[in-house]
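Using the sequences plus the hints, can you model the full thing?
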Amino acid sequence: MTQSVSTPEPVRTVRKVRKPSLGDRLAEQIPRLVVSPTLLIAVVFIYGFMLWTLVLSFSNSRILPSYGFIGLQNYERLFGNERWTVAITNLAIYGVLFVVICLAIGLLLAILLDQKIRAEGFLRTVYLYPMALSFIVTGTVWKWLLNPTVGIQRFVRELGFEDFRFDWLVNSDMSIYTIVIAAVWQSSGFVMALFLAGLRGVDDSIIKAAQIDGASRITIYTRIIIPSLRPVFFSAIIMLSHIAIKSFDLALALTGGGPGFSSDLPAIFMYQFSFTRGQMGVGAASAIIMLMGVMAILIPYLYSELRVKKDDR
Amino acid sequence: MTVKHSERRYSEVTGRAVLYAILIIVAIYYLIPLAIMISTSFRDMNDIRFGHLIDLPSSLSLEAWRMAWSEVQIGARRQLGLRPYFINSLLITIPAVTISVIVGALNGYVLSFWRFKGSNIFFALLLFGCFLPFQAILLPQATVLGKIGLSGTIPGLILTHVVYGVAFTTLFYRNYYVSLPGELVKAAQLDGAGFWRIFWRIILPLSTPITVVAVIWQFTQIWNDFLFGVAFSSPRSQPVTVGLNNMVNSSTGEVRYNVDMAGAIIAALPTLAVYIIAGKYFVRGLTAGSVKG
Amino acid sequence: MANLHIDNVHKSFGDTHILKGINMDIADGEFIILVGPSGCGKSTLMNCIAGLEQATTGRIIIEDEDVTEAMPKDRDIAMVFQSYALYPNMNVWKNIAFGLEIRKMPKDEIASTVERVADLLQIRPLLKRKPSQLSGGQRQRVAMGRALARDPKIFLFDEPLSNLDAKLRVEMRTEIKKLHQRLKTTIVYVTHDQIEAMTLANRIAVMKDGMIQQFGSPQEVYDEPVNLFVAGFMGSPSMNFIRCKVMEHQGEAHIRMEVDGKDYNLPIPKQEQAVRQRIGQTVILGIRPEQITHVIPQQDAGPNMASVDGKIIVTEPTGADTLTLIRMNDQEVNCRVHPREAKEPGETMTFMINMDKAIFFDPETEDRII
Chain D
1 MTQSVSTPEP VRTVRKVRKP SLGDRLAEQI PRLVVSPTLL IAVVFIYGFM LWTLVLSFSN
61 SRILPSYGFI GLQNYERLFG NERWTVAITN LAIYGVLFVV ICLAIGLLLA ILLDQKIRAE
121 GFLRTVYLYP MALSFIVTGT VWKWLLNPTV GIQRFVRELG FEDFRFDWLV NSDMSIYTIV
181 IAAVWQSSGF VMALFLAGLR GVDDSIIKAA QIDGASRITI YTRIIIPSLR PVFFSAIIML
241 SHIAIKSFDL ALALTGGGPG FSSDLPAIFM YQFSFTRGQM GVGAASAIIM LMGVMAILIP
301 YLYSELRVKK DDR
Chain H
1001 MTVKHSERRY SEVTGRAVLY AILIIVAIYY LIPLAIMIST SFRDMNDIRF GHLIDLPSSL
1061 SLEAWRMAWS EVQIGARRQL GLRPYFINSL LITIPAVTIS VIVGALNGYV LSFWRFKGSN
1121 IFFALLLFGC FLPFQAILLP QATVLGKIGL SGTIPGLILT HVVYGVAFTT LFYRNYYVSL
1181 PGELVKAAQL DGAGFWRIFW RIILPLSTPI TVVAVIWQFT QIWNDFLFGV AFSSPRSQPV
1241 TVGLNNMVNS STGEVRYNVD MAGAIIAALP TLAVYIIAGK YFVRGLTAGS VKG
Chain C
2001 MANLHIDNVH KSFGDTHILK GINMDIADGE FIILVGPSGC GKSTLMNCIA GLEQATTGRI
2061 IIEDEDVTEA MPKDRDIAMV FQSYALYPNM NVWKNIAFGL EIRKMPKDEI ASTVERVADL
2121 LQIRPLLKRK PSQLSGGQRQ RVAMGRALAR DPKIFLFDEP LSNLDAKLRV EMRTEIKKLH
2181 QRLKTTIVYV THDQIEAMTL ANRIAVMKDG MIQQFGSPQE VYDEPVNLFV AGFMGSPSMN
2241 FIRCKVMEHQ GEAHIRMEVD GKDYNLPIPK QEQAVRQRIG QTVILGIRPE QITHVIPQQD
2301 AGPNMASVDG KIIVTEPTGA DTLTLIRMND QEVNCRVHPR EAKEPGETMT FMINMDKAIF
2361 FDPETEDRII
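Residue numbers (our numbering), protein chains in the order written: chain D, 1 to 313; chain H, 1001 to 1293; chain C, 2001 to 2370.
Just so you know, the hints here were simulated from the structure itself, not pulled from any lab data. Take these hints with a grain of salt, some might be off.
Simulated restraints on C-beta separations [said to hold, decoys possible]:
(1) 1022(H) to 224(D): 20 to 30 Å
(2) 1020(H) to 2319(C): 15 to 25 Å
(3) 204(D) to 2122(C): 38 to 48 Å
Within a straight-line C-alpha distance of at most 20 Å, the following computed SDA-like cross-link-like pairs (lysine to any residue) qualify [unchecked claim]:
(4) 2094(C) to 1200(H)
(5) 2073(C) to 22(D)
(6) 2073(C) to 48(D)
(7) 2153(C) to 20(D)
(8) 2130(C) to 1044(H)
(9) 1117(H) to 2218(C)
(10) 16(D) to 2070(C)
(11) 16(D) to 2059(C)
(12) 16(D) to 2008(C)
(13) 1117(H) to 2066(C)
(14) 2153(C) to 18(D)
(15) 2094(C) to 1272(H)
(16) 1147(H) to 23(D)
(17) 2357(C) to 2253(C)
(18) 1117(H) to 18(D)
(19) 2343(C) to 2295(C)
(20) 2094(C) to 1206(H)
(21) 2262(C) to 2274(C)
(22) 2104(C) to 23(D)
(23) 2311(C) to 2341(C)
(24) 19(D) to 2047(C)
(25) 19(D) to 2248(C)
(26) 16(D) to 2071(C)
(27) 1147(H) to 18(D)
(28) 1117(H) to 16(D)
Note that the structure is predicted; figures quoted are calculated from it, not measured. Idealized CB from N, CA, C, for every residue including glycine.
What follows is the structure, encoded as structure tokens:
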């Protein structure tokens, strides 16, 4: 508005105009060039392939891909298949139990470890090491431990409890729960690490203020600290559900989907129909359903993350 | 007053005792499978058949280890034991980790300090790759690998791991670099340094912590992978996870648990070693994956 | 050393207009201070001068050379950042030498330059240390050393002292002033600190909403602010703004002021002709706290001295003066009195108002009434 220097545009002699050299102009493009291979990867290998899978799911592909359009027939066949119904029911049971138990154990361990424990570093290492193992290794070990004739059942019986039964691995009603046991063993330490990081990030002065207000330790945890860990719960749930939906190797190594197909999961179903049973169209349809499952969890998460970031600005 | 005081001390002491008891019991729960794995791998089959599940080996036998490493027949393979699979895993993991970490570092550098129009969209596109269920790309990837002649080869697996690992490494580096002061790059630009010189002289020397995180993360992910290993390999290029699974499931006759356990330890040893040596960074990688920004 | 012309520079990101036509003529060797609230565009302007961002339209001319599109490295500008931006992996010596090395200065020349700068800033003992081993003040010196070593045409300082504690800040301020007097390089300096602005600048540019509100000498900006924003922004405690009416009293235009139930007619100085025309209208009277003070007996009560009796609400002793809060026209007014003269809250004392120093603003446009 008000410009105290209201003198008219002074006539200025410009001796020369310095422009960036050709080399500099090319150099300006380097950042784009550097990320372009990755952009290509993202567009082709992630998004392109997702679309491709979608196309396959509408096609009459069997052992080899072919592109005769058959509408929703693969999806009809998929949902008409008892094995698939079992697989998604199993995923629901396994997913919910896995997430809930991991959260409970993880939070509890984190709170216990947060009490100025002496050997905290050592204990943390112990709780977390299964995360470094391959699911195949975990599956191999637990397959043995859970095997009634050689594992825990036999061990307890030898201790004198002759009637002890723990045969979930070979019991088609219970086999899915063995996957829960092994998966929780492997992943709960990770949730503990997430929560512990969250607990350490809680503002100390809030806790001190609550102590001065006379809140007991339990009240401080239930009313102040745990509610403030909401974002940690959020991301732990996302990561765990993501692990659950992708679960393939653990189930394959532990139960192989059996007995029968009682502990089948969508990931195993997808693999077998696509690669070993020559039903590529149905396999693609099952992959698309899995993708939709992940998106259903992910999109609200990413949405809220991005919205928070906008507010920050 | 004094009575009350000592009562309080008393309950506090029992409280601590209970606390430690719980923590130790849980620790034992986590450790037992590993302990059984190790002790079993040193026992011989007679010992296992007639002994307890949880028992120290009566004699320290390395037989099972030798069998698992180089003698057991896995599938119809001519070479025996897990050794060839282990070597395959090394041949896949080392290049795949190296390439994906370098690409991720450069991407993160660009996305943090050299933003351009659309770079945020690019990052968002890539971010989704971290959550992609690989089943959704398995069939096209198999087709493409076949088309370019990499089907069932180690280079094919390297390519696959790089392609689907770059999203993670980019995320790691980008989130680390945005925490560095952007003025560093501005100062270097005014000092006359360009894109590459700033990266080599200023940014890369500051990247050691995140590089350790990214290398460990990628190493664990790729070493432990089973899905790509089983879907895109031929018997000649299978990684150790596939080898172990085949070994455990294909043995005919009596199951040799000691060999299975020795095999499982062999497969787990590299990642376990990394975890024990650099556990701090391992945890940081896990948590970094969950703290998006 | 160079002059700098900023010619109608605009900068927009999409629909967001950060700079809306900046014009500045800066002479060779001038020390220019940019002040303004955060988000006013001063950092963007600095980046445009440095070449770290491109102006959307307009020109930037350094020493008669149009550098609007030139790369930062070709502009010969050095910048000292708020965070210092020292390269953490290099020791002090290398930090200072980095820019010289890139410019392919011979090795022995680099060494002598680094040593000369290190002596100038008294950081010679620190040359082998890493930035993490330095205190805040030392880092600040190194950052300046890095800029000095390049011997650039123009120095840019982006709030260089705001991360230092109060005492160090004053010391460094003096040092920067000494350096400028010695080197006589053109400096553009961004700060939040009014005292820094007043003490260092040859001229101050006050920015708001991407525009320069006023560009003038420190005294000019302080005494003759062009609008309410500049008046309120410069000076601490800030200028009092009192809404009041212009009334006719005994044939003369006066300011009607009510203080604790009593009405006063305050004189309007002759030079404020434009205000005298506004009889019956509301204006905003701007008067700095130091112009409302206790009665000084020996001081000649000029025609534009007015006295009012005010009940003290709060007193804030600062040592040199005591700030005293009273109410005029139902608005709080800060007065600056001698500590010995200050009375207690609740008591009434007589204040002298120096209306010669009063200025007036239009309540609608917020511009000064001239």
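For each hint given before, does the structure comply? Return the numbers of the non-compliant ones in rising order. Violated hints (numbers, rising): 2, 6, 8, 9, 13, 15, 16, 18, 21, 25, 27 and 28; every other hint is consistent with the structure.
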